[in-house]
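Trainee: The residues making up each chain are set out below.
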Amino acid sequence: MSIDINEIKKAENLVYKKSSVLTDKVMHYCPGCSHGAVNRIMAEVIEELDLQEETIGVTPVGCSVLLYNYIDIDWQEAAHGRAPALATAIKRLRPDKYVVTYQGDGDLAAIGTAETIHACNRGENIIMIFINNGIYGMTGGQMAPTTLEGMKSSTSPFGRDVARDGNPLNMTQIVASLPGTSYVTRQSVHTAAAARKMKRSLKKAFENQKNNKGTSFIEVVSTCSSGWKMTPAQSNKWMVENMFPSYPLGDLKDE
Amino acid sequence: MAKNRGAIEVDIATCKGCYLCVEACPFDVIDLADEVNAKGYNYAYMKNPEKCTGCANCAMVCPDSCITVYKMTIKS
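Chains as they are written, first to last, in our numbering: chain U, 1 to 255; chain G, 1001 to 1076.
No lab work stands behind these hints: they were computed from the structure.
All of these numbers come straight from a predicted model, not from anything done at the bench.
There's no promise every hint is true.
As the list claims (entries may be wrong) - Only some residues are given here: those of chain G computed to face chain U with a beta carbon under 10 angstroms:
(1) Ala1024
(2) Asp1031
(3) Ser1065
Virtual Cβ for every residue (Gly too), placed ideally from N, Cα, C.
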């Protein structure tokens, strides 16, 4: 049975379209970057929960520094690593708003470690999204605290040597052990199923913030195809094989 | 038996040809075009439009939100 494609492409058959919370700006991320998918999910969740006017985001320093150009909500740009401190202030001054921070591993797990740990330990009623790709993507793929043992980066061309460079930092595990956090989970966006799961987690985090439950922390294990020197498809495969054993997906804490 | 037919529309101008939708498609519907867009990327297109079921897996993994999905159920 043949049906004309234009017959299917009608408004009544629409099942998925770009979220209206996303702006028309073309994202500056490299092709296949996980940031794009997470930005999209964030916009979709905000649209579905109808919180566009109620959400204040805090952008980090890193590849996602221009996030305020892409999602049409109120934003505040934080100094490098200080997004949780800024989010604390915003949430305390405007407890009626939903506050979300969005940070990479160089921001959240390196320069901003103190702010992250203290905000989570105080149990600030905010959502923290943590994009972990194991390197400093924006500055040229240098070794980060989250770089895996043996993982190559521009400053560890022969792989991370634990004797010389120390152990990889598992920030999400640390945060899960703190009393202030209510929901700590590790997700990914490499497949459609994983992206849908990530969306459910973020919705739950918004729900938790509504119920004043404390910090919700969502790590997204991500790829950096430019920094890893692979195609986006190869990066996803590499992530599944190498990142997931060290950073297994799933909920670490749900209270 | 009812059958789902789907179709996707790719925003050619914003597609970066990352290939993730091609990998995500369970029915081998999508491929990258030989032609390039204004930025020089081989954009995604429907290679086998009759196989599309409108599952939206491609749109779920697209980092640039450039895929719109349509779906209709045909009763025979």
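Trainee: Check the structure against each numbered hint from earlier and tell me which ones fail, lowest number first.
Mentor: 2
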